[in-house]
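A.B. asks: With the hints as your guide, set chains B, C and D with the ligands onto chain A.
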Amino acid sequence: MTPDTRPAAPQPHAPATESQDTAPGYAAAQAAYDAAQDSGDMVQCLAPDGTVVREDLLPEPATRLELYRQMRRARHFDERGWVLYRQGRLGVFPPFGGMEASQVGTAAALTKDDWLFPTYRDTGAALTLGLPIARTLAYWRTSPHGWHMPADLKVLPFYIPIATQYPQAVGAALAERRQGTRNVAMAFIGDGGSSEGDFHEALNFAGALNAPCVFILQNNGWAISVPTRAQTRATDLSRRADGYGIPGVRVDGNDALATYHVTREAVERARSGGGPTLIETVTYRVKPHTVADDPSRYRSEADTAGWDAKDPVTRLRTHLLNAGLMTEASEADLLAEIATEFEAALAEADSYPEPTPAEILDHVFAEPTPQLQKQRAEILAEHTAQDSAQNSKEQA
Amino acid sequence: MTPDTRPAAPQPHAPATESQDTAPGYAAAQAAYDAAQDSGDMVQCLAPDGTVVREDLLPEPATRLELYRQMRRARHFDERGWVLYRQGRLGVFPPFGGMEASQVGTAAALTKDDWLFPTYRDTGAALTLGLPIARTLAYWRTSPHGWHMPADLKVLPFYIPIATQYPQAVGAALAERRQGTRNVAMAFIGDGGSSEGDFHEALNFAGALNAPCVFILQNNGWAISVPTRAQTRATDLSRRADGYGIPGVRVDGNDALATYHVTREAVERARSGGGPTLIETVTYRVKPHTVADDPSRYRSEADTAGWDAKDPVTRLRTHLLNAGLMTEASEADLLAEIATEFEAALAEADSYPEPTPAEILDHVFAEPTPQLQKQRAEILAEHTAQDSAQNSKEQA
Amino acid sequence: MTATATPPTGTRNMTMVAAINDALDIALAADDTVHIFGEDVGVMGGVFRATDGLQAKHGEGRVFDTPLAEAAIVGMGIGMGLAGLKPVAEIQFAGFLYPALDQILSHLGRYRHRTRSRYHLPMVIRAPYGGGVHTPEQHADSPEAILAHTPGVKVVIPSTPADAKGLLLSAINDPDPVFFFEAIKLYRSVKEDVPVGDYRVPIGKARLVTQGDDVTVICYGGMVEVAQKAAAAAAQAGIGVEVIDLRTLVPMDTDTVITSVAKTGRAVIVTEAPRTAGFHSEIAAVIAEEAIEHLRAPIVRVTGFDAPYPPFTAVEDVYRPNPLRVAKAIRQVMDY
Amino acid sequence: MTATATPPTGTRNMTMVAAINDALDIALAADDTVHIFGEDVGVMGGVFRATDGLQAKHGEGRVFDTPLAEAAIVGMGIGMGLAGLKPVAEIQFAGFLYPALDQILSHLGRYRHRTRSRYHLPMVIRAPYGGGVHTPEQHADSPEAILAHTPGVKVVIPSTPADAKGLLLSAINDPDPVFFFEAIKLYRSVKEDVPVGDYRVPIGKARLVTQGDDVTVICYGGMVEVAQKAAAAAAQAGIGVEVIDLRTLVPMDTDTVITSVAKTGRAVIVTEAPRTAGFHSEIAAVIAEEAIEHLRAPIVRVTGFDAPYPPFTAVEDVYRPNPLRVAKAIRQVMDY
Ligand SMILES: Cc1ncc(C[n+]2csc(CCOP(=O)(O)OP(=O)(O)O)c2C)c(N)n1
Ligand SMILES: Cc1ncc(C[n+]2csc(CCOP(=O)(O)OP(=O)(O)O)c2C)c(N)n1
Ligand SMILES: [Mg+2]
Ligand SMILES: [Mg+2]
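Protein chains in written order, with our numbering: chain A, 1 to 396; chain B, 1 to 396; chain C, 1 to 336; chain D, 1 to 336.
Pulled out of the complex, with its shape left as it was, chain A reads as follows (with noise of 0.2 Å):
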């Protein structure tokens, strides 16, 4: 931690007051929000070294194989995505490695029936629940094949404007009781997000309405350049449950275990009609904010240096080696199967047709309103005869 490179706390103290500082100030929020981070208050399954901390929580060993092909899987898009984004073959997106059991874990404990509202950092999540790799992989190439969201999917698309899936999950949670169905919604945000009135709005509403939901708040320890202890002078935001009246949890957002674990029983409560939880997952944006993104702008490598040895995948893998779940020649056709599987994915993105021009005008209503034919046709018109002169230019 070197605190000179770090942003420092925005606090406009006028100098004349300065001494007036009598509580406690910036320097001891940092150090309790950093202790906090540490302390033994988060629900773990395993250490950061990959022993087994508590037994009594591990789940099936086909769960725990499932859930580290599915952070392999996710771990994959972002490490090829890095690579494809230098090579010019995806656009600018937002990185998730090292929070994969953060997304992973949590989303695994849904089923293809429930809702998932997922940010634009939230790709392990939405892949865990079956969102076609060529689909999201359209998306960050600006692709409108990436809004084609399948219709055996209730995966929504990837929120931009922060905290807004908040309230809608409650929304979808609400109408799948009203239909009478066990079904539940799970919405991710960000330390920063929770900041933002939607998020206020959200557990209150699922706490009066009994709304079945799980809030999960990935707390990855910044909100682009402003460090959570910045965004606010709490130090655990599980428990802003309280003031809702529902429960809140505290979970290692790097152990896949314990947030399958605590994201399963929270499921579980919500579909027997007990309500919604607020789940914060603690974990750290180890990459910059989107791959076009330079960190070192706000931050030091000392920042990010101690979560290198919390790492989720590596975590889970030790542990699963150890309890002989796994061998290294069973992981290596684990990787090769991803790979093969993420290849695939790509050629099917890459033969997606560009988008042509009138489409911008597609799906705005069920039925165009006369406004929007008659703007589709000022559309073809231009691109009509631009490609006309274009044609004749060429065969000039």
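Hints in this document: simulated from the structure, not taken from any laboratory. All values derive from a computational prediction rather than experimental measurement. What you were told as hints is all true, and nothing was included just to trick you.
Heads up, simulated EDC-like pairs for lysine to aspartate or glutamate below, C-alpha to C-alpha not over 20 Å straight-line:
#  : chain 1 : residue 1 : chain 2 : residue 2
1  : B       : K112      : B       : E268
2  : B       : K112      : B       : E66
3  : D       : K328      : A       : E378
4  : B       : K374      : D       : D255
5  : A       : K374      : A       : E359
6  : D       : K263      : D       : D335
7  : D       : K263      : C       : E293
8  : C       : K263      : C       : D335
9  : A       : K287      : A       : D308
10 : D       : K57       : D       : D32
11 : C       : K263      : C       : E290
12 : A       : K374      : C       : E290
13 : C       : K328      : D       : E289
14 : A       : K374      : D       : D317
15 : D       : K263      : C       : E289
16 : C       : K263      : D       : E293
17 : D       : K328      : A       : E382
C.D. replies: What follows is chains B, C and D with the ligands alone, placed relative to chain A:
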């Protein structure tokens, strides 16, 4: 409590899933809520019957008398307001009788250098800090004279759009610190209003930026027709403070000595750089939502019954008489003085002229834009024309 | 909507608020997926009683109060719509829609688009709007232009009880989001015969209120009765005024407007929203684009002013267009 | 602003984002009450680097990061303004202004009015807006019409580095709230000589970009360079185009527009906002009201469409007006 006349909890369960509701249902939630309202976890100084339960919290005798005087002024306004409304001499206004301790005890902890952000229901707080009665009457008479905010006060106009005042109070408080003063900002909100996103954002900002704010949450049991227990599953709204890492206090909102005590502590903490506090005053809206509202549509007499015995004015009165700080005679003088003050203010309000047509375009910008100048000319042309037409008709 | 055994026929004389209540009742009865929610809509039946009795009749699951938070009311409605319900939200006053604008501008109109119709939002948002009845600050706002500028949402504003019923039933049955603004001034001030049963008025068709050859007056909602009075006065002076009640702003019935202006050559547009960049400007722009060769006089907008709507009883009618101001505008375009 | 001993003179060649940074730096230095805040504006210097280096230079009290919540950013700014500061808030993208619209529509423009000038809000809200640079969903919105329809707030949109500096310094020194939208496309794409020191461009005066007798093209912000290119092409064909950069939407410089249209008799209006009820419609309405007798052709609006701005690189320029489309509109009004 007659559960059949209270609005039922808005729990959209499909009949098919009703049996899934193994979790505490709304009967339990209501019971929990009701219990919490009477529980000993509220700060209290005077018991409902006026006996002292916390000797150590008693303010100075002069302060107690001043609190009584201000509560009486407030009640007088409320009582006369009803009469004036029925006489057609006052417009629709939101009464606050029964909530005087919650408004006066809190506002009395401020000085005229502090900021007050009142809602439409907080006339008692505004009067305590010195908002002229005549202006307040003018406001509820729908006269722009109710908008002339005194230059020597930092009392803001009543907030109509709910919760918007909270983030603004953070800004005023920060500005004071930036300017090197020890002044604080106090903002009011209702139980209903605390469901809005602005509530959350403000508390979090105030904590993160260490703003000298005192947030008063008046839990008066109702948001128009919606009872607090349907507004949230939480039974103790002061616990929301925990989620922001700031102190939260729950106080008997019908005990002026208790509200004064906890608020003064919070104000002192804020002044000395200790940051914001959330204070939940537990009180009751014994009156209708506005003087034009008919609460029998949504609640029964029985709902409000218990609260008469907790009346804040009677409670402090009994204490002052018992403690020998006031006699029936000195009280009579006080009441006479208050009545005289009010009638003088009423006369002043009566003397305010009606607004002129073009006044509606005043004070939009420091300099009217060309557009506003033109619009003003339109209004003047029309109304001069009308006036002369009227005049000539009258002369004819 | 499922057909009943003996479809009800005939009409009933009712106010606009009763007609709205009737439409909601019919929609709730006909379609299990319809849900009504908002602040005070349950036991209390809404501050204007538009949902009066509906919770008692259709149950607390179908008609329910929410906590006080407009962003979540709309956000929750979006989620309900995603999951196959037909949410009908009430916002207590149009001026309190503002906290929900993020959900609206960011999602309501975009969902079909950004999922290529995998999801669509058959949501209706009702809100009382406009002035004329001496409400407090911010209770008389007319924010319809903001919604009209939001791609993917429709905007409907009825001016009669029958239209209110017929348009609301169309809105609830529309597969896409519809804003339904109800002029507070009209809730109880007029009664008319309203068809019983599942009566529909199509979204997107304007209504010719009066016919005339000299001036076209385009308006909607609370301004229609104002325009009608001005037209009646003009008729006395031998001026034929064609009053067009737009009924729906999005999609706007441009044809009816252009056809009328082509005939009269004069256009007056009346709304009670602030002057700059109101929906009146859109109407004027469409005419200036499509019917300019027919215009014999400048287009005149009669609107509110570039100041907040005044809560001052004494001068409220200075701000809100009244028949005199509209009549003056009619004279102005005639005398040009 | 206090006068410096030797007022700096001359110019410096810079981009628009550099000019904005320069203006902010000057304002911070000149006036202790100026405070800059928003998401990532501190150490990071903003996602576009508009506040780069300002925290280091002026301190964490003057330039600071806030938690991620736009309503509170604006709400807090309002409170700071009430208490005598000059708040300059940055909203990271105009499309993320929506959560703050309640604070804006309910308070920012009303405060002076509802306290009869006891309080006024000298607040500036800066936000990058518009498209052309392949941003993700909702990062290219142009919501200026909503603000223009809000009484009591001004709306400024510069199109050159010098104007950006001069208008921003005027905005910060304006006693009333000013929205300052910065075209993302222009941040770094042009450089020009910008006067050093406390350079001001008055709010409310349009800029004549090119002169011409045949067609008036009215635009602002990111559309000015588009219009300029179209005008240059038209000039080749012998058509004289007068490009007007509005610079401020509120208050709008109606005189300059009307004078030009009176001369040319033809008006084309260009914005990148959705078609229905955009600010282009207001401009058209003003012309239709005040200059109709001069019009020799219908007014033509060249705008975005009634769909969300597409985040699809391949077809982004279909949505966002380009010189070809503007040129076509110029031909259209010429050929009428
Ligand atoms: C309403 C809104 N405001 C601002 C942004 C710009 N923005 C994108 S990501 C981000 C930081 C989010 O931080 P956090 O919620 O912690 O999520 P993380 O990126 O760490 O996953 C910001 C400010 C946005 N997308 N939406
Ligand atoms: C944003 C907003 N939404 C709705 C309203 C309409 N409204 C006025 S008072 C009220 C209930 C407020 O309840 P609470 O916050 O508990 O305050 P109380 O009236 O009890 O003092 C409502 C819904 C409003 N004024 N502002
Ligand atoms: Mg984060
Ligand atoms: Mg209340």
